[in-house]
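Q: Sequence:
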Amino acid sequence: MALDDDIRILGKVGLFETFNGEQLRLLAFGAERLVLRPGRELFHEGQSADCAYIIVSGHIVLFHRLKHERIPVRSVHVGSIIGEMALIAQTDRLTGALAEEETEVIRLSRTVFRRILEEYPELAANLHQRISEDLNKMVADIEQIAHHFNV
Numbered sequence: 007m008a009l010d011d012d013i014r015i016l017g018k019v020g021l022f023e024t025f026n027g028e029q030l031r032l033l034a035f036g037a038e039r040l041v042l043r044p045g046r047e048l049f050h051e052g053q054s055a056d057c058a059y060i061i062v063s064g065h066i067v068l069f070h071r072l073k074h075e076r077i078p079v080r081s082v083h084v085g086s087i088i089g090e091m092a093l094i095a096q097t098d099r100l101t102g103a104l105a106e107e108e109t110e111v112i113r114l115s116r117t118v119f120r121r122i123l124e125e126y127p128e129l130a131a132n133l134h135q136r137i138s139e140d141l142n143k144m145v146a147d148i149e150q151i152a153h154h155f156n157v
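Residues in the sequence shown are numbered from 7 upward in steps of one, following this note's numbering.
Just to be clear, a hint being listed does not mean it is correct.
What the hints assert, rightly or not - Distance ranges between label pairs, derived from CB positions:
1) A130 - S63: 24 to 32 Å
2) E28 - I94: 17 to 25 Å
3) E107 - D147: 17 to 25 Å
In case anyone wonders, no lab produced these hints; they're calculated from the structure. The beta carbon of each residue, even a glycine, is placed where N, CA and C say it ideally should be.
Kindly generate the complete structure, drawing on both the sequences and the hints.
A: Structure follows, in structure tokens:
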């Protein structure tokens with residue numbers, strides 16, 4: 007796909023709704039496309055995180071691993087972003103992520119994202135608020151299934 011397609015896709019992601027055309031172009035230029043086969047894990051729970059992913063096609067299931075079992079936390083579909091905390095902070099993955107079908111994602115690195123925030127610092131406050139809201143939702147989702155983990 008062309009750079010313009012990536013710009014269009016990124017522009018529809020809520021996290022980037024305050025980005026202007028130039029900012030979206032910089033983000034898309036530094037992005038990478040990946041295609042995952044069905045059953046492939048995108049990342050593992052506890053793994054160090056240095057990027058976020060936008061779902062372009064297919065869908066991803068976020069899960070916790072308990073012994074040899076995967077316990078689904080939630081499904082993530084086209085247009086959604088996962089791992090956004092990794093864009094602003096050194097963190098570990100709170101869940102694993104698995105492609106349930108052939109899935110294409112756009113990988114956004116922390117390095118590129120930070121360069122954009124340094125060049126356009128007015129974006130930082132808006133993004134901080136949005137990421138905080140998304141993280142709180144994920145924590146609530148995890149708390150709903152915590153009884154499976156005997157914590």
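Q: Next, verify each hint and record whether it holds.
A: To see whether the hints hold, each was checked on the structure:
no.	hint	in the structure
1	A130 - S63: 24 to 32 Å	holds, 30 Å
2	E28 - I94: 17 to 25 Å	holds, 21 Å
3	E107 - D147: 17 to 25 Å	holds, 22 Å
Figure legend: structure checked against the earlier numbered hints; every hint is met.
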